[in-house]
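J.: The residues making up each chain are set out below.
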Amino acid sequence: MRYSLALYTKVLAGLLFLTLLTFMQPTLYHLTPGNTAGVQLGISAIKVGLVSAFYMHLRSEKAYLKGYIVMALIIMLIFFVIVGIDVAHS
Amino acid sequence: MEQEMAYDRQGNSYPVADFKDDYSGDKLGFWVFLLTEGMMFGALFLLYGIYFYRHTAIFASSSADLNIWLGGTNTVLLLASTYTMGVATLMMRQGKLKLSATLVGLTLFIAIVFLGIKASEWGVDISHGIYPGSALLDAKDKGEILFFGLYFVMTGLHGLHVIIGIALMSWVLLLMRSGGIRPEHTIVMKNVTLYWDFVHLIWIVLFPLLYMIGV
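Just so you know, the sequences run in chain order G and A. According to the working numbering, the first sequence is numbered sequentially starting from 1. According to the working numbering, the second sequence is numbered sequentially starting from 1001.
Same shape as in the complex, but just chain A (with noise of 0.2 Å):
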């Protein structure tokens, strides 16, 4: 049987003695899976293409009623946590081991603020009796009830992948105290790196599409 080949983070092939350590592997793996969240998020933007198509007007006056400075906050701080993110995998790799551990931990704390924020604006409109299935809302005009039914799906779904990513990076961080991340060792952080990247680029998408058609 011919010997099966894997490759380093710099191309080099060396054989397969087990899938531990594939570095090419794990990387090719975790993307597939993002393409699949991707292909999952898609179905849900394709469906609010529908609707906005339908019901433009109502969609816009809807949006209009969402707190656009909370969600523009947590628009800035999913952007800053990419970037404290990203850095922390870059440190890791220059053996700057402390350094890296701080940002992971910076990066986690901003996701912890975004989900308060998240947590309040749902708050007020479920106080306000908005959310799906209430009485109030049922009695709303067909196209406002869409738009709300998709805003708390798509953002409870988004919020799900950030709560998933807090754990992520407190496994992260347990890892780093352990050893089990290292600079020569780095895949487990660059996937959830990838993760955290994701997750990101799914709110870059969500946040016009709810918050900015209505202004």
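The shape of chain G in the complex, shown without the other chains (with noise of 0.2 Å):
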């Protein structure tokens, strides 16, 4: 994949659109704040797939590195849900 300065722009774009819903959803939908903290880490992950995607360039890394980070995010997951599940009976 080519990265150039206007794949480089719209990405921005992107990201200040996301930016924008991050300030805004609030007013647009008043939730609890279990359910914005959802809705707002929702948006952020968009936000972090498209950084790690175009500006670190992962979208054309090779299947290696992909499969690295993708196992390191597993383990993290896996001790998030270890937890999660003792906290949630505790």
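Derived by calculation from the structure, the hints in this document are not laboratory data. Remember, it's a predicted structure, so these values are computed and weren't measured experimentally. Fair warning: there could be bad hints in the mix.
Simulated coverage check for chain G against chain A, where a stretch passes if three residues somewhere in it have a Cβ under 8 Å from a Cβ of chain A [claimed, not checked]:
#, region
1, 47–57
2, 79–90
Calculated lysine to aspartate or glutamate pairs in the EDC-like style (CA-CA distance at most 20 Å, straight line) [what the hints assert, rightly or not]:
#, chain 1, residue 1, chain 2, residue 2
3, G, Lys66, A, Asp1197
4, G, Lys66, A, Asp1138
5, G, Lys62, A, Asp1008
6, A, Lys1027, G, Glu61
7, G, Lys66, A, Glu1037
8, G, Lys66, A, Asp1022
9, G, Lys10, A, Asp1197
10, A, Lys1190, G, Glu61
We treat Cβ as the ideally placed atom computed from N, Cα and C, and that holds for glycine.
Join these two chains into a complex; the hints should help.
T.: Here it is as structure tokens:
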């Protein structure tokens, strides 16, 4: 994949739109703090995906590097789920 | 003994004479470092999640005490700086050295402004007696003590990474001057850009958790 100024600028526009959405969400939809955190983290996840795919060039990286990252995320997710279950039942 | 092979940016293999200028190896090593950093911040996010679950209402009301405009300004600043640093690397690869150096300088400036805003935010909190271990904070609800404790630890650790980023960008500028970074040799700049993107990624998650849940 070829990274260009045009692509970087398009991604910037997308990120700015999502940042605006982050600010507007509580005004547009007034939710409970728990649901607000969920929606906000959902928007953050899309932003993280855009930055890592295009600015950090993960989209065009070799499979082994993507594999390392996915493996690290899975390990972290396992810790999150185990601790989450423990906290929810204690 | 079998000849060890390395790969250049285009994926062409070549025999390893030494470990200098190993583009793939340098990049992989830096990614492994970033993953360990991610694990460190991940532990803090997990801790935040646990206490948010246990003190949801207090965390929301404590979050409302933070200045969303300053936090929001910093969010936009970091986003802009990720763009300028990324474009700087693109320009270096295209041989536009002067423009590239200007963009790195601009990123550096934005990072300093970010730190200045964060310092002023901390200054206001501290002048109001809100800091870990203060008599005023210790007299408050347990949830509020935890929220502000996590706020100072997480933004402090992130701020430390911004300071390291400023030092690294200054080093990049020096290397650009000395020819250590040039269009056909950009791995140091690429890794510093990756580092700065990572600093931005952490803030993307930190900002809503700290500032938006109480709006």
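J.: It remains to establish, for every hint, whether it holds in the given structure.
T.: Hints, verified against the model:
A count of 6 residues in the region 47–57 of chain G with a Cβ less than 8 Å from any Cβ of chain A is obtained; the coverage claim is therefore met, three being the minimum. For the region 79–90 of chain G, the assignment as covered by chain A holds, since 6 residues bring a beta-carbon within under 8 Å of that chain's beta-carbons and 3 suffice. Distance restraint check for Lys66/G and Asp1197/A: the Cα-Cα separation of roughly 17 Å lies within the 20 Å cut-off, and the hinted pair is therefore satisfied. In summary, the hint linking Lys66/G to Asp1138/A is not supported, as the alpha carbons are separated by about 45 Å, beyond the 20 Å threshold.
The straight-line distance between the Cα atoms of Lys62/G and Asp1008/A is roughly 12 Å, inside the 20 Å bound, and the hint therefore holds. Distance check on the hinted pair: Lys1027/A and Glu61/G sit about 10 Å apart at the alpha-carbon level, within 20 Å; holds. With a C-alpha separation of about 17 Å, the suggested pair Lys66/G and Glu1037/A falls inside the 20 Å cut-off, and the hint holds. For the hint linking Lys66/G to Asp1022/A, the alpha-carbon distance of about 19 Å falls within 20 Å, and the restraint holds.
The hinted pair formed by Lys10/G and Asp1197/A meets the criterion: a straight-line CA distance of about 17 Å does not exceed 20 Å. At most 20 Å may separate the alpha-carbon atoms for a hinted pair to count; Lys1190/A and Glu61/G meet this at roughly 13 Å.
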